[in-house]
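Kindly produce the complete structure, drawing on both the sequences and the hints.
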Amino acid sequence: LDLCVTDVMPQAKKRELTVAVETLPDLTPIAIDRDKIRRVVTNLLGNAVKFSKPMGRIEVIADRVEAPPTGATQFDRFEPERNRYLRLRVVDHGIGIPADKLSSIWEAFYQVDNSSTREFGGTGLGLAIVRSFVEAHHGSVAVQSEMGKGSVFGVLLPYVTDEVKGEAGELVRRA
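Counting in the working numbering, the sequence shown runs from 4 upward without gaps.
Among the clues, some could well be false.
[What the hints assert, rightly or not] Taking lysine to aspartate or glutamate and the DMTMM-like style, the derived pairs with C-alpha atoms no more than 20 Å apart in a straight line are: (1) K17 / D5; (2) K53 / E138; (3) K56 / E149; (4) K152 / D66; (5) K39 / D66; (6) K53 / D79; (7) K56 / E19; (8) K39 / D5; (9) K39 / D10; (10) K16 / E149; (11) K16 / E62; (12) K39 / E82; (13) K39 / E149; (14) K17 / E62.
[Claimed, not checked] The calculated label-pair distances, taken between Cβ atoms and stated as ranges, are: (15) E138 / F78: 17 to 27 Å; (16) P13 / T76: 38 to 48 Å; (17) P83 / G151: 18 to 28 Å; (18) A139 / K104: 17 to 27 Å; (19) E19 / T76: 38 to 48 Å; (20) S107 / P28: 35 to 45 Å; (21) D79 / M58: 36 to 46 Å; (22) T9 / L128: 21 to 31 Å; (23) M12 / E69: 31 to 41 Å; (24) Q147 / E110: 14 to 24 Å.
Hints were generated in silico from the structure; no laboratory data involved. The C-beta atom is built at its ideal place from N, Cα and C for all residues, glycine as well.
In C-alpha cells:
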C-alpha cells in the first residue's frame with residue numbers, strides 16, 4: 004500500500020491532498036499477484052486524487068472481514084476459512100458518481116462525463132482493469148458513492164480460493 008501511495012503522491016501534492024493509510028495491526032499475509040494488486044490500488048488511488056476536491060483527504064484502509072465466498076449467497080459452514088477476505092478500501096471526499104452511472108463505470112472506455120468539454124482526462128480503462136485483476140484473484144470490487152460527498156471503492160480478496168500451487172509451482176484447481 005505504501006508503494007501505491009508513493010505512486011500517486013506527486014499528483015496528490017499538486018492538489019494539496021492528504022493521503023492516509025490505515026491497516027489492521029495484525030493483518031494476516033495473503034497470497035496475491037503483488038504487481039496486479041498494486042495496479043488495482045494505484046488505479047483506485049489515481050481516480051481518488053483526480054476526483055477529489057483540492058486540500059481534501061483520501062484514505063486507504065486494509066482490514067480483514069468475513070463474507071460469503073465470491074459468487075455464493077451464504078457463508079461456507081463446512082470450510083469457514085473460505086469466508087475470510089482481505090478488504091481494501093479507497094475513500095475520497097470528492098465529487099462522487101451519479102447513482103445511475105454506478106453500474107456502468109466498470110465497462111472499458113466508459114466515462115461518466117463523455118462530453119467534449121469534460122474536465123477530467125483518462126481513457127476509461129482504469130476501473131475495467133481493476134475489476135479484471137480483482138476477479139482474476141477470485142475477489143470482488145464494489146463502489147458506494149454520493150454526489151458531492153465522495154466515493155468508497157472496496158476490494159475483497161479471498162484468503163482461500165479454489166486454486167492451489169502444484170509441486171512445480173503451477174496453478175491447479177482444487178478438487
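The hints, checked one at a time:
Between K17 and D5 the CA atoms are separated by roughly 19 Å; this keeps the pair inside 20 Å, and the hint holds. Distance restraint check for K53 and E138: the Cα-Cα separation of roughly 24 Å exceeds the 20 Å cut-off, and the hinted pair is therefore not satisfied. A distance of roughly 14 Å separates the Cα atoms of K56 and E149; the hinted pair therefore holds under the 20 Å criterion. With a C-alpha separation of about 23 Å, the suggested pairing of K152 with D66 is violated against the 20 Å cut-off.
Note on K39 and D66: the hinted pairing holds, with a Cα-Cα distance of about 19 Å set against a maximum of 20 Å. For a cut-off of 20 Å, the pair hint linking K53 to D79 is broken: about 39 Å separates their Cα positions. The straight-line distance between the Cα atoms of K56 and E19 is roughly 9 Å, inside the 20 Å bound, and the hint therefore holds. The straight-line distance between the Cα atoms of K39 and D5 is roughly 15 Å, inside the 20 Å bound, and the hint therefore holds.
Proposed proximity of K39 and D10 is supported: the alpha carbons are some 14 Å apart, at most 20 Å. Of the pairs offered as hints, the one joining K16 and E149 is violated, with about 25 Å between alpha carbons and a cut-off of 20 Å exceeded. Restraint check: the Cα-Cα separation between K16 and E62 comes to about 15 Å, which is no more than 20 Å; the hinted pair holds. Simply put, K39 and E82 have alpha-carbon atoms about 27 Å apart, too far for the 20 Å limit, and the pair is violated.
Between K39 and E149 the CA atoms are separated by roughly 28 Å; this puts the pair beyond 20 Å, and the hint is violated. For a cut-off of 20 Å, the pair hint linking K17 to E62 stands: about 17 Å separates their Cα positions. A hinted range of 17 to 27 Å for the beta carbons of E138 and F78 is consistent with their spacing of about 21 Å. At roughly 43 Å, the beta carbons of P13 and T76 sit within the given window of 38 to 48 Å.
Checked against the hint of 18 to 28 Å, the pair P83 and G151 fails, with Cβ atoms roughly 41 Å apart. At roughly 25 Å, the beta carbons of A139 and K104 sit within the given window of 17 to 27 Å. Range check, E19 to T76: about 44 Å between beta-carbon atoms, so the 38 to 48 Å window is met. Taking 35 to 45 Å as the suggested C-beta distance range, the pair S107 and P28 conforms, at roughly 38 Å.
Between D79 and M58 the beta carbon distance is about 45 Å. The supplied range of 36 to 46 Å therefore holds. Roughly 22 Å separates the CB atoms of T9 and L128, a value that falls within the hinted 21 to 31 Å. Between M12 and E69 the C-beta distance comes to about 33 Å, which sits within the given range of 31 to 41 Å. Range check, Q147 to E110: about 18 Å between beta-carbon atoms, so the 14 to 24 Å window is met.
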